[in-house]
Every structure is written in structure tokens, then in C-alpha cells.
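So the chains spell out like this:
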Amino acid sequence: MDKKSQILTVFFALLIMISTVATYYRYIVLEDISYETDEQLFQESLLEE
Amino acid sequence: MRTVAEYIELCEWDTSRLLVFSDNVFGNLIYYSHLLPLVVSLLLAFFIFSKNSKSLATRWFLMTTILLCVWLYFDLILWATEKPAFTMFFWSIINMIEPMIYAGILFFMYAFIDNKDILFKQKLLVFVLLSPTVILTWTNLNLSYYDLTNCWREAIEGPLPYYSYAVEGIFAAWILGFGFRRFFQTHNKSERNKIALMTSGAVFFLFSFAMGNVVGSLLVNWEIGQYGLFGIPIFVAMLSYLVARYHLFNIKLISSQLLVVAIWLLTLAILFIQDIDTVRNVVVITLILFTALGYLLIKSVKREVEQREHIEKLALDLEKANARLRELDQMKSQFLSFASHQIRSPLTAIKGYTSMALEGDFGEMPEKIKGVIETLDKSAQSLIVIVNEFLDVSRIEQGRMKYEMSDFDVRKLVEETVAELRPNVEQKGLKFTFDADVKHDYRVYADQGKIKQVIGNIVDNAIKYTPSGSIDVKVSRTKSTVNITVSDTGVGIEPDVIPKLFSMFGRAKDASKTNVTGTGLGLYVAKQMIEAHRGQIWIESEGKGKGSTFHIELPAKN
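Protein chains in written order, with the working numbering: chain A, 267 to 315; chain B, 1286 to 1843.
Calculated from the structure, these hints are not laboratory results. The structure displayed is predicted, hence computed values, not measured ones. One or more of the hints may lead you astray.
[Unchecked claim] Straight-line Cα separation of at most 20 Å, SDA-like style, residue types lysine to any residue; simulated pairs:
no., chain 1, residue 1, chain 2, residue 2
1, B, Lys1406, A, Tyr291
2, A, Lys269, B, Asp1402
3, A, Lys269, B, Ser1340
4, B, Lys1401, A, Ser271
5, B, Lys1401, A, Gln272
6, A, Lys269, B, Asn1400
7, B, Lys1406, A, Gln272
8, B, Lys1368, A, Lys269
[As the list claims (entries may be wrong)] Just so you have them, the derived chain B footprint on chain A, three or more residues with Cβ under 8 Å:
no., stretch
9, 278-284
10, 299-307
[Said to hold, decoys possible] A short list of chain B residues far from chain A (calculated; beta carbon distances all over 10 Å):
no., residue
11, Asp1308
12, Trp1459
13, Phe1492
14, Phe1575
Glycine included, each C-beta is placed from N, C-alpha and C at the ideal position.
With the rest of the complex left out, here is chain A (with noise of 0.2 Å):
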């Protein structure tokens, strides 16, 4: 692998683990999650179970 191609790995492997820990961060730590939520069709879905 040359200089250049050895370069592009390891940024994009930075890149890789920075976006991972936002991830982490966001949904594991921030617990920051849109929910979507339907009474009625939690309740049918209820009934089909």
C-alpha cells in the first residue's frame, strides 16, 4: 500500500470511530431518540398478538 492509499485508510478509519462515538453518544448516552407513537394502532397491534 503506498503513502497516499495508507493516508486515505487512516483518515477514513478516524473518520469511522468519530462517527461511531457520536452514534454512541447520541442514542447510548443522550439517549436522544425520536419515538413514534399511534394509540390506535398499538392497540391493534396488541390485539393481532
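With chain A fixed as given, assemble chain B onto it according to the hints.
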């Protein structure tokens, strides 16, 4: 209006143990479809990597397999977890990893088929295409929200995964296009097979993988996708087999190990399955795996046995051929010896009578006849030299060459030889010098006749191959050796020809133009004789037209 916690409570989800074990996973088939490919693929990739860790192809293969295993494990967590936060996190990461697996296979294909890394520009393009899926992983573009309109523990995907599927499609088409292009560019049959098998293996691998994912996502039926995952270990095994085969690893060993691991895992899995339909599915998959791996194993064993039998037959044939060759060689030497002896006797008679006639033993001859007799005398002499060379070769080959060893002064011997050959040199108009420091002791313990023959041969060659200029003969001394050097300003020798000159019938390409009667045996005989005296003989020449120098080195008698 219910709170999120109330919705979750109403769903009555089981709490997962070690992230992956819970009653939320319906049926053990899910474990089977995830853990089997995970273990088998990882084992195979590490095995191949351990055999050739320096190969770029095996590195990309290992990296891709690790990504695949992470994907499988995270997917299993999604099946088991009851926590929306975990679902959102692992689902997001899965979406990020997925196109990378395609890219990994693409890099692996380039490294395996072209035996070099993908070009930087192509790699940059791949990373640019992948960038949005990485950078936007944590955003709502990836996963829009967690669905609590039912108890299915699902996230609803945004537009980003559809972009990922498009990128995956591009990579799959790239792999296929690359495989096709290389296939048609290559004319070697074995290389073509390799490309065809590797491309179809890679495409089927990605197809199996996509089944568990794209189909599930598009049809919103994740159960269908599970069956695709069973194809993964088959195609990982196929790719491993090909990597191993074309890197000449021990295929039989790989197949055997793979078969044992697969049977072990399958048997273990059956123990945990209680549902008869699932057992049936597992048995079908076991059968497919067993058939594929068993076929490979049987095929490799069969091939090995056939190869061994073939080699044994070849060895036997070779032995017979060798014996026959030895016999023929012996017969040839005997014939050579016999024929040479038979020819030499009449030749000696002819030479004797022509010499006597020329010396006037039979009275005065008319000038016309004298010229004929002189030609006859020279021809007889040339033939005697050739016959003697043949006899020497035959003696050397049969190990019958005898050496009569004694102490003598090499300087005197060379001086005598030079004196004998001086008329020939002067007749050709060449300058002839002899140089030796008389203060030194040049005694050696050797066969005087043979050494004289060798020196005569070397000087005679110098005369033959020097049309004009000079021949210089020198005798010198080192602490342990006596050295004879014969330098000429003759036709010279090309460097690539020099090593061949001391072999039997070894002559320079243009030698026959200068010396028609040479047999190519003189230097071979000279080398054998000098080496029999624990000496050395070699040639130095700067090339055609630049003359040459022959060196003879003999152990000195101290």
C-alpha cells in the same frame, strides 16, 4: 396519552442477557443463521491469514470478514435487545458497516486477481461514495425514529440506507465488471478459471448477504432474510478455498478442518432446537454444507492419490530411463575407445610413412608428389590429434585416465613447449614471447606428459585464433601455486560463451570460421586433467576482438 415507558412496559419484552440471549428472539434459527456464519467465516479468514499474512489479498479478506462478523453480531443484538437505545445504536452502525463489506470484497478482488492494491484514484472514489454513510450515521437521515406503533422493536429507516443500497449496487456491479474485464483480457485458461470462480464466489457471497438485509428492509420481512445468511459460510468457504488453492496451500487440510468445525457446530445447534420445522431447515443446511465440503475433501484426496500414483510411475520410468542412459553412455565410451584405437593404428602407419617419404627414405620425389605427401602428412597429424582427444575423453568418462606423477620444473616444460611451437607461430607472422623469473622455484608434483599436453593445447589454440599480433606466455609463482598464463591478441571471446568452453563439444559460435578442425574437446580434456591435479584453469577475455588470456594454476611443490 401514554408515555414511552408505558408503551414499552405494555410490550412485555424480555430482558436480554449478554446482549444476544433473550426470549425476544423467536426461534433458535436466528442464532443458528448468525452464529454459524460468524464462527465459520472468522475461523476460515484467520486460517487463511495465518498461512500468508503478508499477502494483500488475505489482509483484505480478513478485514472484510471481520466487518461481516461485526455486522452479524450486531444484527443478533438487534433481535435480542429490549432497549430502544441499543436498537437505534446497533442498527445505525450496521447500516454504516454494510456498504463497507462490499467495498472490502472489491478491494480483495483487485488484490487477488491483479496481485496489487487498487489504484489510489479508485480507492478515493470508493471512500467518497462511502463517506455519506459514515458521516451521517448518527443523524435522522439514517434512522428516523423508533417505532412504537407496535411491539416489533424496530427502527424506521430514513433516506440514507437507500443511498447505501445504491452504493452497494454500484460496488457489486463494479466487482462483476472488473471480473468480466479481467476474464476477457486473460488468455491463460487456468487464470481465467481463477477469475471466473473468484468473481462468481464474491457475487454469490454478496447476494447471500444482501438477502438477509436488502430483502428484509424492502419487504419489511426480516425473517425471509435469515435464510440468505446461511449462504455466507458456503461462499466464504468457497473464497477461502480459492485463495488457498491459488496460493498453493494445503487444500486437503483446509477442507478437513472446515468440515470438522462445520459438523461440530451443526450438531451442537441441533441440540438446542425443539421446533421440528427449524430442525428440518437446519438438517437441509447441514446437508448442503456437508455435501459442499465433503465434495471438496473427496476431490482433493482423489487428486492427491492420482498425483502420487502419477509421480510414482514417473519416478519408475525415470529410473529405467536413467539405467538405459547409463548403459548407452558406457556403450558409447566403449565404442569410442574401440573405434579410436582401431583408427589410430592405421593413422600412425600413414603418418610414419609420409614422414619417412618426406625425409627422403624412399629416395628423391618429384615436386608434384612431394606437395601431395606434405598435405597427407598434415592431415594424418590433425586426425591423430582428434583421435587422441576422443581417447582421452573416453578414458576420463570411464575413469581409466592414468596419471604418472613426478616432480618436475614447469618453467622448463613450458619453455620446451614454446620452443617446439615457435616455428608455427613465426610461420603465421606472430610475435611470440616467453617470460619467467629464474629466481623462483617452479617445481610441481604432476604428470609431466599431461601438463605438457594441456599447455601445448592452450598455446596451439592461441596460435589458431590469433590472426595477427602477439602471443605471450608467462610462468609465475605465488606462495602455494605455480601459474602459467597464455595471453593473445586474437579474436577474443564473448563473456556469455566463456563458461561453455570447458564443457564437452563446447565451442564459441564463430570458432569454426577460424579453426575448421577443432572438435570442442581440447579444453574439456584440459580442464579434467588440471582438476585431476587439484589445479584450476580459466579464461579471461574482454570480448570479441579484444584477445584472451588463459590461466592455469597448479599446486607448487614446496
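Pair hint Lys1406(B) and Gln272(A), alpha-carbon separation not exceeding 20 Å:
holds (13 Å)
Pairwise hint evaluation, Ser1340(B) against Lys269(A), where the allowed Cα distance is 20 Å at most:
Roughly 18 Å between the alpha carbons, so the hint for Lys269(A) and Ser1340(B) holds.
Sort out whether Tyr291(A) lies within 20 Å of Lys1406(B), counting only the CA atoms.
violated (34 Å)
Once the closest CB in chain A is found, is it more than 10 Å from Phe1492(B)?
Correct as stated: the minimum Cβ-Cβ distance to chain A is 25 Å, above 10 Å.
Are the Cα positions of Lys1368(B) and Lys269(A) separated by 20 Å at most?
Violated, because 43 Å separates the two Cα atoms, which is more than 20 Å.
Would the non-interface assignment of Trp1459(B) survive a Cβ cutoff of 10 Å against chain A?
holds (18 Å)
Keeping to a limit of 20 Å between CA atoms, is the pair of Lys1401(B) and Ser271(A) held or broken?
holds (13 Å)
Verify the proposed pairing of Lys269(A) with Asn1400(B), using a straight-line Cα cut of 20 Å.
holds (18 Å)
Are 3 or more residues of the stretch 278-284 of chain A near chain B, judged by a Cβ distance of less than 8 Å?
That given contact holds, which follows from 3 residues of the stretch 278-284 of chain A lying within Cβ reach (below 8 Å) of chain B.
Go check the stretch 299-307 of chain A versus chain B for me, would you? Three or more residues, Cβ under 8 Å, otherwise it fails.
holds (count 8)
Given the hinted pair Lys1401(B) and Gln272(A), is their alpha-carbon gap at most 20 Å?
holds (14 Å)
Between Lys269(A) and Asp1402(B), does the CA-CA distance stay at or below 20 Å?
At roughly 12 Å apart (the allowed maximum being 20 Å), Asp1402(B) and Lys269(A) satisfy the hint.
The structure does not agree with the numbered hints 1 and 8 stated previously, though it agrees with the rest.
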